[in-house]
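Engineer: One letter stands for each residue in the lines below.
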Amino acid sequence: MKWDVIFQPENLALYGQGILTTLHLLMASLAIGAVLALGFALALTSRWRVLRAVVGAYTYVVRGTPLLIQVYLIYYGLGQLEWIQARWDDIWPWTYFKEPFFCALLAFSLNTAAYTAEMLAGAIRETNAGEIEAAQAYGMGSVAILWRIVLPSAMRRTLPAYSNEVVMMLQSTSLASAVPSMLDVTSAASRVYSKFYLPFEAFLFAAGIYLVATFALVGIFRLAERHFLAYLGPHKT
Amino acid sequence: MNAYYFSILQGSLMTVAVALASLAVAVLFGLLGAAARLSPNRLAVAAGTVYTTVIRGIPDLVLMLLVFYGGTMGLNYLVTAMGSKASVDINPFVAGVLTLGFIYGAYMTETFRGAILAIPRGQSEAALAFGMGRAQTFLRIIAPQMVRYALPGFTNNWLVLIKSTALVSLIGLQEMTYLSKQASAATRSPFAFFLFTAALFLVFTSASLWVLRKANDHYSLGTRRAQLH
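Going down the list, the sequences are from chains W and F. The opening position of the first sequence corresponds to residue 1 in our numbering, with each subsequent residue numbered one higher. The opening position of the second sequence corresponds to residue 1 in our numbering, with each subsequent residue numbered one higher.
Derived by calculation from the structure, the hints in this document are not laboratory data. None of these values were measured; they are calculated from a predicted model. Misleading hints may appear alongside valid ones.
[Stated by the list, open to error] Chain F regions said to be covered by chain W (calculated; three or more residues, Cβ under 8 Å):
#1 62–70
#2 131–144
#3 170–183
[Stated by the list, open to error] Derived lysine to any residue pairs resembling SDA-like cross-links, with alpha carbons at most 20 Å apart:
#4 W:195 to F:74
#5 W:2 to F:209
#6 F:163 to W:168
#7 W:2 to F:73
#8 W:98 to F:73
#9 F:163 to W:57
#10 F:163 to F:209
#11 F:163 to W:165
#12 W:2 to F:81
#13 F:163 to W:167
#14 F:163 to W:181
#15 W:2 to F:76
#16 F:163 to F:74
Ideal Cβ positions, reconstructed from N, Cα and C, are used throughout, including at glycine.
Take these sequences, add in the hints, and give me the full structure.
Structural biologist: If you want it as structure tokens, here you go:
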């Protein structure tokens with residue numbers, strides 16, 4: 001094993017850049033995905049059957065196909081359509097479709113939004129009927145009930161499942177390496193591998209980075225759960 | 001044009017083959033892992049725990065590249081050390097199946113462990129009292145009841161596993177993702193080919209859901225369900 005090659009400054013810099021890209025992709029896709037997921041979850045639990053069916057079909061298709069195909073569809077597929085080609089040179093926002101980072105980010109966001117929406121919708125549906133009835137008895141309107149009673153409680157109860165989704169998303173960002181010219185942690189490892197022909201060192205180092213990031217995320221969510229879900233545990237006297 | 005669609009369709013057989021072979025390996029690792037985590041031996045428990053935690057913290061793709069490129073180099077090193085001048089290439093199918101099996105074995109470990117824990121202790125105690133051996137107890141008493149508790153988790157793992165087979169295209173196995181990418185490059189019309197492949201994946205996941213739901217109904221026969229509303 002030649003670990004000293006990995007620790008040469010230029011290779012460490014490569015991994016460092018990879019970590020930044022991976023974190024950037026993760027944070028941005030989670031943020032966009034969460035906003036979309038809130039909208040989708042409200043649609044999934046709404047009274048309008050058509051809206052439920054449309055968003056339900058969306059989450060079903062996204063959750064039933066590989067993320068890699070979704071990345072390819074957006075990065076290679078959309079660029080082929082003449083309608084987009086006619087616009088992506090100068091018309092905003094289509095200019096973004098030329099950028100690999102944007103395409104990966106779009107695919108990841110749309111993907112995590114579908115999974116998160118289903119979790120949140122499940123929690124909304126399982127809201128204790130008594131909580132809603134109590135709010136109605138206080139004279140709250142349906143919007144107030146949604147914002148002040150249903151969503152705060154449903155979001156808290158989604159937290160344990162959401163922490164799994166965040167960890168899965170971290171792993172999924174490695175698919176960015178399938179898009180040419182992206183430099184995330186996995187692509188950094190691939191470059192070091194092909195330059196020095198050191199597969200074990202290059203990929204084990206990347207695996208270590210992901211492992212540390214996973215443990216950090218799990219730790220953060222454990223703290224968050226302790227804080228936000230404290231009211232569900234046994235009471236201290 | 002049609003020839004490309006046909007080759008992708010043929011590639012779907014490879015996808016199914018990789019998925020089923022990986023599933024077999026995963027079930028094997030899952031049973032071993034569950035046995036380790038539930039054994040009275042502390043070392044076995046620790047090994048099982050390290051296996052499930054570490055595997056679930058590393059992306060599938062990184063592990064696959066590690067096994068594929070690392071394995072190729074390791075094997076060549078071994079062959080050279082034995083005095084041969086031949087160079088060995090690892091088959092992407094074997095590397096993919098072993099990696100996916102090893103990874104999803106970690107997820108199966110958790111599923112199987114939960115299922116075994118869900119069976120009342122009295123069941124295996126009664127079997128032992130009847131004079132059954134440990135293997136017999138597992139095969140006749142535990143395994144049939146485990147299926148019901150394990151099916152929901154198993155269904156989830158299987159769905160994620162099928163979708164992960166797309167990654168094997170990145171180490172060069174000619175399954176449908178690989179073939180659709182090739183078709184896209186050759187014809188410059190990627191959209192239709194990727195959409196077609198996505199549709200095929202959707203067919204596989206939908207069919208799996210249907211079959212496993214039927215299996216779930218079958219193995220839940222005779223269980224009472226209470227209705228809340």
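Engineer: Does each hint hold? Answer for all of them.
Structural biologist: Here is what the structure says about each hint:
no., hint, in the structure
1, 62–70, "holds (count 6)"
2, 131–144, "violated (count 0)"
3, 170–183, "holds (count 4)"
4, W:195 to F:74, "18 Å, holds"
5, W:2 to F:209, "47 Å, violated"
6, F:163 to W:168, "13 Å, holds"
7, W:2 to F:73, "14 Å, holds"
8, W:98 to F:73, "37 Å, violated"
9, F:163 to W:57, "18 Å, holds"
10, F:163 to F:209, "13 Å, holds"
11, F:163 to W:165, "16 Å, holds"
12, W:2 to F:81, "19 Å, holds"
13, F:163 to W:167, "17 Å, holds"
14, F:163 to W:181, "24 Å, violated"
15, W:2 to F:76, "17 Å, holds"
16, F:163 to F:74, "29 Å, violated"
The structure shown violates the earlier hints numbered 2, 5, 8, 14 and 16.
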